[in-house]
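If you want the building blocks of each chain, they are given just below.
Number of protein chains: 2
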Amino acid sequence: MQTPILNPLPAEWPALCQRPQLPVQNLEDTVRQIFSEIQRNGDIAVKKYTYFFDNAQLENLRVPEAIVENSSTLISEALKNAMLLAKNSIEKFHSSQKETVRYIETNPGVTCWRASRAIDKVGIYIPGGTAPLFSTVLMLGIPAKLAGCRDIILCTPPDAQGNINPAILYAAQLVGINTIYSIGGIQAIGAMTFGTESVLKVDKIFGPGNQFVTAAKQAALHYGVAIDLPAGPSELLVIADTTANPEFVAADLLSQAEHGADSQVMLLSDNEEMIRAILKAITVQLKTLPRKGIIEKALASSKAIVLPTISECIAFSNSYAPEHLIIASENPEPYTDKITNAGSVFLGNYSCESAGDYASGTNHTLPTNGYARNYSGVSLDSFVKKITFQQLTADGIRTIGPAIATMAEAEQLDAHKNAVVLRLKNATNV
Amino acid sequence: MQTPILNPLPAEWPALCQRPQLPVQNLEDTVRQIFSEIQRNGDIAVKKYTYFFDNAQLENLRVPEAIVENSSTLISEALKNAMLLAKNSIEKFHSSQKETVRYIETNPGVTCWRASRAIDKVGIYIPGGTAPLFSTVLMLGIPAKLAGCRDIILCTPPDAQGNINPAILYAAQLVGINTIYSIGGIQAIGAMTFGTESVLKVDKIFGPGNQFVTAAKQAALHYGVAIDLPAGPSELLVIADTTANPEFVAADLLSQAEHGADSQVMLLSDNEEMIRAILKAITVQLKTLPRKGIIEKALASSKAIVLPTISECIAFSNSYAPEHLIIASENPEPYTDKITNAGSVFLGNYSCESAGDYASGTNHTLPTNGYARNYSGVSLDSFVKKITFQQLTADGIRTIGPAIATMAEAEQLDAHKNAVVLRLKNATNV
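Protein sequences appear in the order of chains A and B.
Just so you know, this note's numbering puts the end of the first sequence at 430, numbered straight through with nothing missing.
Just so you know, this note's numbering puts the end of the second sequence at 430, numbered straight through with nothing missing.
These aren't lab readings, by the way, just hints derived from the structure by calculation.
Any given hint could turn out to be false.
Which copy? The list can't say, so a pair holds if one copy fits it or any two copies do.
To be verified - Derived pair list, reagent style DSS-like, types lysine-lysine, alpha-carbon separation capped at 27 Å:
(1) K292 with K386
(2) K287 with K297
(3) K338 with K386
(4) K92 with K386
(5) K98 with K145
(6) K386 with K98
(7) K87 with K145
Turn these sequences into a full structure, and let the hints steer you where they fit.
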């Protein structure tokens, strides 16, 4: 990324918008085998694969409530307070997504409306590894609770001693999730897809994961389970105008890059000097960061691009359809309306991506890999179905009945016509 | 269905909720081959398969505008007026689904909101066959237009002479779709997935279809295209209390059954006599219906069930999760709140499914096969993405910055922390 690309023509944009192609292991057979064992043997199969993949020998898959409760003694007050602030923000923003029921009389005597109903049973997957992703527990658990989902379960892989990081347990407890399983990977997704003696079969699975989890979530779709979003590496595009703060932009690009070697960051500006200042700040800041190795790999497939105007930067961004988009400018308002494809947008010099990752209130589960063209991020909507209702009076059937009969006949569906004609006859006698 | 099942125990419900298992042909290899030819050869491959499957030799894949315009001379005034009434209803109801932007100050200096943006390029598939499904053109075209989708294209298979039914062309014209292709089946979905010399590559594909279309839509998902809903045969569940009209209910069940031999209808009541009266009315009405053969096949896998109370009928219906649910009662209101899983609900004796299929205003593209548990039907939402935005002031970063830094540190993401700390330092100097 250290060599800016100057004024590429629109014909060159599609190639520049390509995500790095990573070697993808074909895991379909592995998933099929583990799923089929879980279908047949339930908990026994789940325990077998937990030992195989996570080296943990578990008596019980479910984390005892005493352990969950005890988590609050194991984390700092500062972290608890931070989580509480984040919870309040997320709750406030996602509450605003509740839809009020609007009764629409489309024709005299014909009233239609729609109402939200929670998805009954949802499963949340939280990856393991060195860093405990408790923020994702908040981002998925809070809207699930707000939506009123009846059963919310959480799966996360144990360490070799069978333990779960207390920050994850505390976050779950904070949002009101008490059913937590120490299960990870394909076996977690399989258990939630089919149900076992211990684990509830769910209607929808949420949460990030490695390529094993991703492959398993894809497979779960074939068994009637819904999933939150297609998966892909995280990404950030920054558009910096001359009023951007190069230090801030560099820090944002680095924060995205530290997610993984497959993360991608894109830097766009109408000003080459600004780009050079940002690239310089990256070099300086990078030196002190613990995840330097990962970041350098991510930066290798990242790009800095100069375009003649900020409008063209936005047009490029719409082609790229980034998961996260920062408009680094003192005056971002004029650009906002032109943004058509993005997961979440951060406006102005103080709106860092970290804010949305943790505590501003927006969700951090967002469409990656160009899916911002055709998918929305997770919101309260992701945890409900919107059911339409209608009620016709005798008047209503008189108003629209003849049109229905005419259309049904033209579609050669006589029984459809008959259902209306019978009612029309009856309604004229009312 | 002619022998009612009396008071099955809840333990027996899951078996009764099973959909008829149809032999599914494995079409993955066929789809893969046709897709790969379309990727390589574009229009030539599409034309080849149009000849192979539809026996039509086409010069141009696109229907000339003169032919589209001429369609209005080929259909009756009555049908035109009916379509216009339906269009107005659908427009009115779907307009009510527009979301107003709400700016939420989640914390002092932290403002979050979300705004809808149309999906740029959408493709609508309309099946061919003897009956022209122009109603689906309205159901998908109208919300696409309301959402503001930039490019809306429509594919529908030609007859052997290369012609499209004028009712489909007229409906497309009525909603403002001018880009229509005489392409059907796998080759239509492939053309919209990859794009060809004539056909635009789209972001999302909508519309029903046979098993070839279904398999192709599933495959399209692997190439970054979104689809409306997982597919399945159409279904209706009716709950009739003692105030139902047996003739009306019989007509509704028959209207659902005529969709196809794989359609399923379920009849529930707390009153065995009511069920027997409805079954008798089915026998009488069936005699005069042209699609008698199809209907009889569908009825063979359908069920009539008596349960002790209407509350239990609703509980059963929630387990079944029907695409369409009719509450056949003079007083349906008390039941409404208990309905949790259904695609679209019809309340009262005058609210026939045909109303929602054509002209009341609700959408008829709905989740089947139990997917009403975890998917919503098509609505304005299906044609937009909801993008979140946020803007923090210096005050905002002072309010939530320390919490972000604490959480980022606990997740071992130091670059995330750094992006906040830099701004916090700066903000204290503002």
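Checked hints:
| no. | hint | verdict |
| --- | --- | --- |
| 1 | K292 with K386 | neither (45 Å within a copy, 34 Å between copies) |
| 2 | K287 with K297 | within (14 Å within a copy, 72 Å between copies) |
| 3 | K338 with K386 | between (29 Å within a copy, 14 Å between copies) |
| 4 | K92 with K386 | both (21 Å within a copy, 17 Å between copies) |
| 5 | K98 with K145 | both (13 Å within a copy, 25 Å between copies) |
| 6 | K386 with K98 | both (11 Å within a copy, 14 Å between copies) |
| 7 | K87 with K145 | within (12 Å within a copy, 38 Å between copies) |
Against the hints set out earlier in the document, a violation occurs for number 1 only.
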